[in-house]
Amino acid sequence: MSANAPRRSLARSAARLAAVQALYQREMEKTALARLLDEFHQHRLGALIEDEQYADAEVAFFDDVVSGVDARCDEIDLLLSEKLAKGWSLARLDKTMLQVLRAGTYELMARADVPVGTVIGEYVDVAKAFFDDREAKFANGVLDAVAKQVR
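Under this note's numbering, the letters of the sequence shown match residues 88 to 238, in that order.
Think of the hints as simulated: they come from the structure by calculation, not from any bench. Note that the Cβ used here is the ideal one computed from N, Cα and C, for glycine as well. Worth double-checking, as some hints may not be accurate.
[As the list claims (entries may be wrong)] Distance windows between CB atoms, simulated:
id: 1; residue 1: 215; residue 2: 129; range: 24 to 32 Å
id: 2; residue 1: 202; residue 2: 116; range: 28 to 36 Å
id: 3; residue 1: 175; residue 2: 212; range: 18 to 26 Å
id: 4; residue 1: 147; residue 2: 219; range: 30 to 38 Å
id: 5; residue 1: 198; residue 2: 133; range: 16 to 24 Å
id: 6; residue 1: 221; residue 2: 122; range: 31 to 39 Å
[Claimed, not checked] Each computed DSS-like pair below joins lysine-lysine, with the alpha-carbon atoms no more than 27 Å apart:
id: 7; residue 1: 170; residue 2: 224
id: 8; residue 1: 235; residue 2: 117
id: 9; residue 1: 224; residue 2: 182
id: 10; residue 1: 170; residue 2: 235
id: 11; residue 1: 117; residue 2: 182
id: 12; residue 1: 235; residue 2: 215
id: 13; residue 1: 215; residue 2: 173
id: 14; residue 1: 170; residue 2: 182
id: 15; residue 1: 224; residue 2: 235
id: 16; residue 1: 235; residue 2: 182
id: 17; residue 1: 224; residue 2: 173
id: 18; residue 1: 182; residue 2: 215
id: 19; residue 1: 170; residue 2: 215
id: 20; residue 1: 235; residue 2: 173
id: 21; residue 1: 170; residue 2: 117
Full structure from sequences and hints, please.
Below is the structure:
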């Protein structure tokens, strides 16, 4: 493992968290993709906001996750819908949780360079930033089911 590996890992973790935030903003405000990416590049990634230093994120990785979810959202949502318990729909999910699941599913589908365990663990951690353990376990279960199908 190189000396840069821990820094890269932190930068990827920051990129995943920022991607979920960006996808949430896109869902709620319908911000155009190019404008959204630019806003995050200019004002969020690695920025100091309200006395809180945001971690430097791997910008190319952030862009890939956000753009990839945007481009493949219908395919991702269909796959996620199949993994939900009977009687559940994506519309019933918390909007933040939906973005966690979309981003994780995109990575599982499109980023074969990232191990399954890393993807699931990272998005469970992102879920824990917003939710309690019950919801984090839900994210783990859904992403595990997705991984079994797509990897």
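Outcome of the hint check:
At roughly 28 Å, the beta carbons of residue 215 and residue 129 sit within the given window of 24 to 32 Å. Judged by the Cβ atoms, the range 28 to 36 Å given for residue 202 and residue 116 holds: they are separated by roughly 33 Å. At about 23 Å, the beta-carbon gap between residue 175 and residue 212 stays in the expected band of 18 to 26 Å. The hinted window of 30 to 38 Å between residue 147 and residue 219 holds, with their beta carbons roughly 32 Å apart.
In this structure the supplied range 16 to 24 Å holds for residue 198 paired with residue 133, their Cβ-Cβ distance being about 22 Å. Checked against the given bound of 31 to 39 Å, the beta carbons of residue 221 and residue 122, roughly 35 Å apart, stay inside it. This hinted pair checks out: residue 170 and residue 224 have alpha carbons roughly 14 Å apart, not beyond 27 Å. About 32 Å separates the Cα atoms of residue 235 and residue 117, which puts this hinted pair outside 27 Å; it is violated.
Straight-line distance between C-alpha atoms of residue 224 and residue 182 comes to about 17 Å, which keeps the hinted pair within the 27 Å bound. Only pairs whose Cα atoms come within 27 Å are accepted, and residue 170 paired with residue 235 is accepted, the gap being roughly 11 Å. This hinted pair checks out: residue 117 and residue 182 have alpha carbons roughly 13 Å apart, not beyond 27 Å. Proximity of residue 235 to residue 215 is assessed by CA-CA distance (about 23 Å); at most 27 Å being required, the pair is judged to hold.
Simply put, residue 215 and residue 173 have alpha-carbon atoms about 25 Å apart, close enough for the 27 Å limit, and the pair holds. Distance restraint check for residue 170 and residue 182: the Cα-Cα separation of roughly 17 Å lies within the 27 Å cut-off, and the hinted pair is therefore satisfied. As the CA atoms of residue 224 and residue 235 are separated by approximately 17 Å, the hinted pair is consistent with the 27 Å bound. Using a Cα cut-off of 27 Å, the hinted pair residue 235 and residue 182 holds, with the two alpha carbons roughly 24 Å apart.
With a CA separation close to 18 Å, the supplied pair residue 224 and residue 173 stays within the 27 Å bound. Between the alpha carbons of residue 182 and residue 215 the distance comes to roughly 15 Å, so the proposed pair stays at or under 27 Å and holds. Proposed proximity of residue 170 and residue 215 is supported: the alpha carbons are some 20 Å apart, at most 27 Å. A C-alpha spacing of about 19 Å is found between residue 235 and residue 173, which places the hinted pair at or below 27 Å, so the restraint holds.
Distance check on the hinted pair: residue 170 and residue 117 sit about 26 Å apart at the alpha-carbon level, within 27 Å; holds.
The structure fails to meet hint 8 from the earlier list, while all remaining hints are met.
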